[in-house]
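The sequence shown begins at 1 in the UniProt record's numbering and counts up by one.
Heads up, some of the hints might be wrong.
Pairs of lysine-lysine residues, derived as DSS-like cross-links and limited to a Cα-Cα distance of at most 30 Å, are as follows [to be verified]: (1) Lys406 - Lys463; (2) Lys314 - Lys326; (3) Lys240 - Lys333; (4) Lys333 - Lys314; (5) Lys438 - Lys333; (6) Lys461 - Lys438; (7) Lys351 - Lys406; (8) Lys410 - Lys398; (9) Lys423 - Lys377; (10) Lys236 - Lys224; (11) Lys224 - Lys292; (12) Lys64 - Lys157; (13) Lys314 - Lys398; (14) Lys76 - Lys118; (15) Lys351 - Lys240; (16) Lys438 - Lys410; (17) Lys314 - Lys418; (18) Lys216 - Lys157; (19) Lys463 - Lys377.
Label pairs and their computed distance ranges (CB to CB) [stated by the list, open to error]: (20) Phe488 - Arg370: 26 to 34 Å; (21) Phe344 - Arg478: 21 to 29 Å; (22) Asn79 - Ile55: 42 to 50 Å; (23) Thr232 - Phe344: 22 to 30 Å.
Keep in mind that the hints were calculated from the coordinates and are not lab data. Just so you know, these numbers come straight off a predicted model, no measurement behind them. No residue lacks a Cβ here, since even glycine has one placed at the ideal position from N, Cα and C.
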Amino acid sequence: MESSSKIPLSYSLWSPHDTVKDAAESLSINLPEEAAKNLAMDVEYRIHEILETAIKFMRHSKRKLLMTSDISNALKVLNIEPLYGYDNSQPLVFKEALVGAGGQTLYYIDDNEIELEKLINQELPKVPRQTTFTAHWLAIEGVQPMVAQNPLPAEIKSLPPIIRGATSSILGNDILSLGQNGENKDSAQGSAATKDKKATEKQSEVKPLVKHVLSKELKLYFDKVVEVLISTDPEKENLKVAALNSLKNDPGLHQLVPYFIQFVAEQITNQLRNIDILSTMLEVISALADNKTIFLDPYVHALMPCILTLLLAKRIGPVIRETSSKESQDTLKTQLAVREFAAFLLEHIIKVYGSSYSTLRPRVTRTLLRALLDSTKPVGTHYGALLGLKNMGTEVVKLVLIGNLKVWCKSVVENSDKTDFEKDILLNESLEILDSLKVELPQDEESMDTDSGFSEEIKNKLKDRIGDTLADLVLQHRDAKDIVRGLFFGEVVV
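Based on the sequences and whatever the hints tell you, model everything.
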């Protein structure tokens with residue numbers, strides 16, 4: 001019974017349980033032998049538990065050295081009051097002393113003594129700064145601005161192409177495929193190729209064509225949209241509508257804007273005989289202009305030549321030899337519809353971006369007037385010039401067009417070899433422009449004027465202002481009085 005009830009001894013520092021008894025005696029506690037042994041084993045169990053938890057923290061920290069922070073974290077996890085006064089940055093210095101008559105060695109930690117007066121007179125630490133937040137532009141329209149928060153271009157160029165996001169090199173090689181193929185080659189061949197490449201780079205310096213690199217997704221998007229836009233397959237008409245809606249509404253297309261504008265310019269230059277392609281290109285310009293997430297101000301100078309080309313070009317679409325047949329007349333009307341669309345886009349661009357470019361409106365007006373007064377131009381050019389001047393506003397019509405109508409009508413309409421169908425188109429458009437200037441009187445004043453005719457003086461002034469042909473058309477118009485009143489506003493009483 002005595003052997004079975006004998007409490008096994010501990011195998012740790014507390015194995016001679018005299019340490020427990022010494023600690024109890026220092027606190028003036030008389031501890032029995034069995035209680036001291038049980039307490040020693042419980043302390044050993046607690047120490048093992050703390051060490052196992054601390055080792056877990058050490059292994060999860062990818063370390064092989066157990067630190068005091070691991071012990072502190074283990075104490076927190078086990079809900080034990082942590083130790084105070086120990087820091088990893090300050091190594092523990094142990095000193096030894098002889099205790100008792102037998103000269104037993106005792107090791108202890110030497111605590112630094114701090115003078116109270118020195119601590120009081122010491123300067124207070126600086127108050128930490130308040131947390132603040134600042135904002136800066138990481139990129140504007142795909143271009144990184146030169147600010148202190150962004151890395152320098154030299155630092156970006158020093159990085160490998162794959163890290164900085166490039167998928168193709170300057171010479172057009174696919175970096176990703178090159179990297180995959182290079183892994184399968186021998187190391188000797190790789191080192192030789194690297195040496196040859198460095199020697200080539202030293203001899204010749206290749207400058208990139210663009211400042212930014214498109215992602216694979218944007219490249220795929222651009223290729224698919226371009227393929228659909230120039231397709232003549234009727235089955236892809238729905239895809240074309242979807243592509244135009246995407247250009248009109250989707251955000252994040254700012255990097256592709258110069259590529260789309262270049263694509264439109266190339267198509268207009270090379271496909272002037274294809275009415276469908278020209279109409280599609282105008283729809284692309286309209287979609288880009290309507291997209292509120294795209295900043296088009298830097299590209300207005302590239303858009304204006306495209307629009308003015310379709311507005312004032314000598315020939316767009318198939319060549320028309322004569323306009324006597326119904327088919328040729330319909331073809332001419334189709335071409336003029338494209339010019340009307342171009343005139344509408346011209347008006348939109350000038351209204352939106354005219355304030356940013358102060359010289360845009362006068363330059364375009366000068367170009368339109370020069371094309372209008374050139375008697376060698378075909379009917380399409382004159383029609384487009386009239387549409388453009390009309391959409392520039394009533395001020396431009398009064399100051400620029402009205403003063404030149406008489407000369408234009410005499411040289412282009414009366415003394416030209418144009419057919420009657422073409423002359424009727426130009427005269428009707430001129431009459432519509434004049435109709436836009438009409439001034440209507442209130443109903444009470446108009447009812448008092450019962451005389452619907454014009455005096456000879458007013459007729460002569462009208463013919464002197466716009467020419468005989470246009471004057472006769474105006475006098476036959478149902479709103480002749482309002483038109484004449486708008487032409488001579490403030491000069492004569494009608």
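Original post:
Can you list which hints this structure breaks, lowest number first?
Top reply: Of the numbered hints, 12, 14, 22 do not hold.
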